[in-house]
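Take a look at the letters that make up each chain.
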Amino acid sequence: MAISAQDKMIYVANKLGLSSLQNMQGSTRVIYDQQTTAALEHTLFAGAAQRNFPLTNLGANGNQFQVNEALLVEQIGFFIPDAADGENYLGIGATDISVKFDLVIGNKTVMKDVVVETGGQQAFYNDGAVPSSVLTLEGVGILIPPQVEFYVRASTFFRNSRIASSQRLGCYLFGTSALLNFNTTI
Amino acid sequence: MASQVSKLNYVDAKLGAPTSGQQTTRYIYDTVLPGAGGTNVTFFQNFAGKTQFETNLTTNKLDSMESMVIKSIYLSCFQGDLGSLTVTGHLNLNIFVGNQCVLKDFNPSFNSSSRGLAFDRLHSGVNEARIIEVRLLTDIVIPPQVNFKATLELAENTALVDSKLTLGLKGYGKIFSAGMSF
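Keeping their order, the protein sequence lines are chains A and B. Last residue of the first sequence: 186 in our numbering, with the numbers rising by one and none dropped. Last residue of the second sequence: 182 in our numbering, with the numbers rising by one and none dropped.
Only chain A is shown next, with the shape it has when bound in the complex (with noise of 0.2 Å):
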C-alpha cells in the first residue's frame, strides 16, 4: 500500500528527532516568493523575510519555518508576474516559457536541474486550454522540516528555441502541512 504524505511527515520527522511533530495541526499550505524584476536567473525564497504581502506569503520567518511547522511539498508551480507590484500574475505558459530550477534544503539540493515545461503534465492536467505550469512531484513529495532554509534556483528560457530569457518569476510550493500547536490536533 502507498505511504500517505501524513506517513512520510511522521517518518521524516522521527528520523530527525522531531517527535512532537505528529501533534501538530494538520493543514494544507501554500507558500511562494516572487522576484518582479526580470532576470535570466532567480533565487527565490531566498530573504523572503524581507519581503511583504503581496511579494511573498513568508512573513518575518522567512525562508526557514518556525519550530513544529513543516511542509510535504507535492506540487511546485512557477508564475510569472505582471508587473513590478506583484499584485497578479500569469502562468509561465503566457509567454511560452519552461522553467529550469533546483530545490536545495539546507545544504542539500533535493531537486535537481528539473525542468518545468510549458503544458508538460498533459497526460492528467486540465486546466482549460491553458498550458500547465505546474510540476506534480512524483512519490509522495519532499518535506521541508522546521527551522531549516530552504530556496528555488531557477532560470527562464524559451520552451521552443530553448534560448535563455529574462524574465521577472514566481514560485509556490504547495502540499500537506503541519501547523504549530500547543496542545493537540483538532
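A hint or two may mislead.
Only pairs whose alpha carbons sit at most 35 Å apart, straight line, appear in this in silico DSBU-like list of lysine-lysine [unchecked claim]:
#1 B/K61 with B/K50
#2 A/K8 with B/K61
#3 B/K7 with B/K61
#4 A/K8 with B/K164
#5 B/K14 with A/K8
#6 B/K149 with B/K170
#7 B/K164 with B/K7
#8 B/K149 with A/K8
#9 B/K164 with B/K50
#10 A/K15 with B/K14
#11 A/K100 with A/K112
#12 B/K149 with B/K164
#13 A/K8 with A/K112
#14 B/K50 with B/K7
#15 A/K8 with A/K108
#16 B/K7 with A/K15
#17 A/K8 with B/K170
#18 B/K50 with B/K149
If you're looking for bench data, these hints aren't it; they were derived computationally from the structure. Quantities reported herein were computed from a predicted structural model and do not represent experimental measurements.
Got chain A sorted already, so can you dock chain B onto it with the hints?
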C-alpha cells in the same frame, strides 16, 4: 490515511462531543462587503442584516450536535456596478477554529481562472476571474460550539462600495438528528 468520516468521529470523540447524528454534506458560507478600496475582510464574524443567500448561519459556531470537516474552500466576488474586483491577484486566507489557526497564509488564487497554475489536476476549464474553489489535502474539523472565523487579504484594492465577497466551506458533516440516522 483517515477519511473525512473517521477523522470527524475521532476528533468529536476526543473532545467528548456526540458522534451520533445525521451524516451529511455540509456547506456554510458568509458574504462580506470589503468597502471601496478595501483589502482586508473577516468572514463568519457579523451576521446582522444579511439575507439567506448571503449567509446560512446566524452565529459563528455550529450547534451543539453539529460538526463538520472543511474539505473545500469556495471564494467568489461580486464586482459591483462598474467594478473590477477579481480573485486572481494574490490572496492571503487564514481560517481560525477556536483560538487555533488551521489554515495559514493560504493563497487560493493559483486555482482561479485558467492560467495553468491550479493545484487540482482536473481544474475547471471555466476561465472565470471571480470564482475559486480549492480542494484541501487535509481534513480540518470544526467541532460543535467552537467559534470560527476566516480572514482574507487581497493584494489588489479594486473593490467598490457595493462589491461583495463570499466564502464557502464545504465538507462531510453531522447535523442534529432526534432519533436514529436515516
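Original post:
Out of the numbered hints, which ones does the structure contradict?
Top reply: The structure conflicts with hint 4 only, although it agrees with all the remaining ones.
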